[in-house]
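Taken in order, these protein sequences are the chains called A and B.
For the first sequence, position 153 matches number 153 in the working numbering, and the numbering has no gaps at all.
For the second sequence, position 218 matches number 218 in the working numbering, and the numbering has no gaps at all.
Honestly, the hints are just simulated from the structure, not real lab data.
The C-beta atom is built at its ideal place from N, Cα and C for all residues, glycine as well.
Errors might be hidden in some of the hints.
[As the list claims (entries may be wrong)] Here chain A is said to cover these stretches of chain B; the calculated rule only asks that three of the stretch's residues, wherever they fall, bring their Cβ under 8 Å from a Cβ of chain A:
(1) 423–436
(2) 440–450
[Claimed, not checked] Listed next, the stretches of chain A that the computed footprint assigns to chain B, with coverage defined by at least 3 CB atoms under 8 Å from CB atoms of chain B:
(3) 63–76
(4) 79–90
[Claimed, not checked] Here are the simulated lysine-lysine pairs, DSS-like style, with alpha carbons at most 30 Å apart:
(5) A:Lys16 <-> B:Lys419
(6) B:Lys40 <-> B:Lys169
(7) A:Lys136 <-> B:Lys419
(8) A:Lys230 <-> A:Lys245
(9) B:Lys463 <-> A:Lys127
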Amino acid sequence: MSSLDLRNLKINVGGKPIVKDFSLTVPKGEVHALMGPNGSGKSTLAKALAGHEDYEIVGGEAFLNGQNILEMETDEISRAGLFMAFQYPSEIPGVSIANFIRAALTARLAENEELDAAQYYRRLYEKMDLLKIDRKFTARSVNEGFSGGEKKRCEILQMAMLQPQIAIMDETDSGLDIDALRIVSEGVNTMRGPNLGILLITHYQRLLEYIVPDRVHVMWDGRIVRSGGKNLALELEEKGYDWVKEEVAAV
Amino acid sequence: MPATIEKETSSESIAIDRDIGNFKYKEDYSYDAGTGLSEKTVEYISNVKNEEEWVRDFRLKALKIFESKPTPTHWASKDLENIDYSKIRYYLSKGQQPSRTWDEVPDDVKETFERLGIPEQERKFLAGVEAQFDSEAAYSNMKTKLAEEGVIFVGSTEGLKEHPEIFRKFFGKVIPTGDNKFSALNSAVFSGGSFIYVPPGVHVKQPLQAYFRINAENFGQFERTLIIADEGSEVTYMEGCTAPKFETTTLHSAVVELVAMKGARIQYITVQNWSENVFNLVTKRGMAMEDATIKWIDCNIGSRLTMKYPGVILKGRGARGEVLSIALANDGQHQDTGAKMIHAANDTTSNIIAKSISVGTGRSSYRGLVQMPKHLKNCKNNTECDALLINTNSRTDTYPAINVRGDGNSVQHEASVSKVSAEQIFYMQQRGLSEAQAMSLAVNGFVNDLIREFPMEYSVELKRLIDLQMEGSVG
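Assemble the whole structure, with the sequences as input and the hints as a guide.
Here it is, written out as structure tokens:
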């Protein structure tokens, strides 16, 4: 059964059309890479799907497990199972990672339910070990003074703890050196499985050497202009985006 | 006879959760000074308390000073002009003698404090409790062991009567009657509050707690607290305050004096959660002798206008003063708070950390005063004041007054203003938190490093109060 289903989406930013007639289905259990040059609308798509109010969806439909997310608030979309790993995660001074994730998990409970603290920390440490994150890390304020790599690892840790059904990863590779990239990718790979669908937004093929996608889509001027298997990414790397642009122009 | 609970608690479980202090009981007082303020009011209070001549004279003199002093609107809020002293009731009580056991406390009063969780807290972690209902303490008790060590913890009325030799020596010495208009008002009509004496070398390990509850409308609560920690002793005192929501103005004007003798330590913690019609105009000051420490932890949530600047006079060499304060000004509220550090001896240090949060049309002001005269050496002050603005129409102002002379002294002052950004809220909402939860978390994060300094029970309470405030503030 398909998990994220986008049909003919049109998204404006400041009245200007950025995403034009975008359709894509990401089934659970698959990793789809969305590639494209700067300004093609990839990040706009991600933020709009997460419900950011500056991104105006003016046409089309978006379903998460059959639920229409265009009618939902950001937090409702999150609780319905959509996670976004931010390209530039916000700092939240004074709020520790442990408390932040705990608050996010608590928000998913019914009013009379409580999170079992011992169980929570056991799970948190387990995921941190998996992601090779030092346990002292959780006492630090969310993203405050973090290096690029730490920020991305913190995103992946949250993703592992919140167990979304669909994760949109927005340029997770940007600002990472090769070691950080490897660690983050390994983390994502451990989460791959039949219950998680991933939309991996990236500019470069480099990330896809570590997280091998099931499908690759190329976005250009607000639309998907080409889709294919993992080899499409290699082809792009070799020929550059101009090759796609020329092809599109020829059609 | 069971008390009748008035209409505001009809949906009881919800009312308690959302706004813990907002309930009241029918008024039924044995002593009532009537409405308005005159010599007669002062005499009535003094008669009811059966006071000695010098106390009565002290009060009457204070009334004259209060009447002669102008309302300080040249620097403070014009809103002070809206206090109508002729419409306030200055003394209301059900009796003169506080009970030593909760069983003896009148049912309605007992129920009030039970709903506020006081007897339970006493059992759990307190060394002693005084619970004031309008003008007088309804309950006052302390662990027997402390009494055996010579610790005194009673209401101010009782303190004046039973321990005049200690009381009189320090009463009005840290804060003279004429310090300001409101200290004069308090000195004229004071009733209730705590009197504490800790003998030399005694360490009171668990906190002593006072709870101030306003129950009546148009009422003024004027408690007077005096704490004396003798040489090398230690004590922590905590006060909590609530009142139900009234249509009309309620006035709370306390005077709190602390004296820490050589090497003593006093920690004074306030968590006030006044309803939005309370004018809260309080004068708090301590005197720290040689190597003594006085620490004020002051949390101001609620009220219509709070003006409060806890201070320490660093009188003995090596004395240390500290003010940690948190103020949250919600829609329509003004928190005008700060700290005063008066260095009067060499090698004295003071530390002020003030954090304020302004929500909606709320306004918070920081006023600080640091004084170091030229002849002193090796004095240090550190002041940090940080403001967090939640909405675009929220407001904050800082008025620091630093008067430092002499080369041997040092002062550090840092101030910051930050905002909760839309991107931060979006980030948190993307993790599943509602807008209110996100705001609340941001605010908690802002005050977190300060809250860590608080005793556990109070930090939990404070976080909960902040959550409630933020919940109500997001549409």
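A quick look at each hint next to the structure:
1. 423–436: holds (count 12)
2. 440–450: Check passed, 8 qualifying residues.
3. 63–76: This one holds; 3 residues, not fewer than the three required, reach chain B with a Cβ under 8 Å.
4. 79–90: holds (count 6)
5. A:Lys16 <-> B:Lys419: holds (29 Å)
6. B:Lys40 <-> B:Lys169: With a Cα-Cα distance of about 27 Å, the restraint between Lys40 (chain B) and Lys169 (chain B) holds, given a limit of 30 Å.
7. A:Lys136 <-> B:Lys419: holds (28 Å)
8. A:Lys230 <-> A:Lys245: Holds. Lys230 (chain A) to Lys245 (chain A) sits at ~19 Å (cutoff 30 Å).
9. B:Lys463 <-> A:Lys127: Status holds; Cα separation ~28 Å.
Taken one by one, the earlier hints all hold for this structure without exception.
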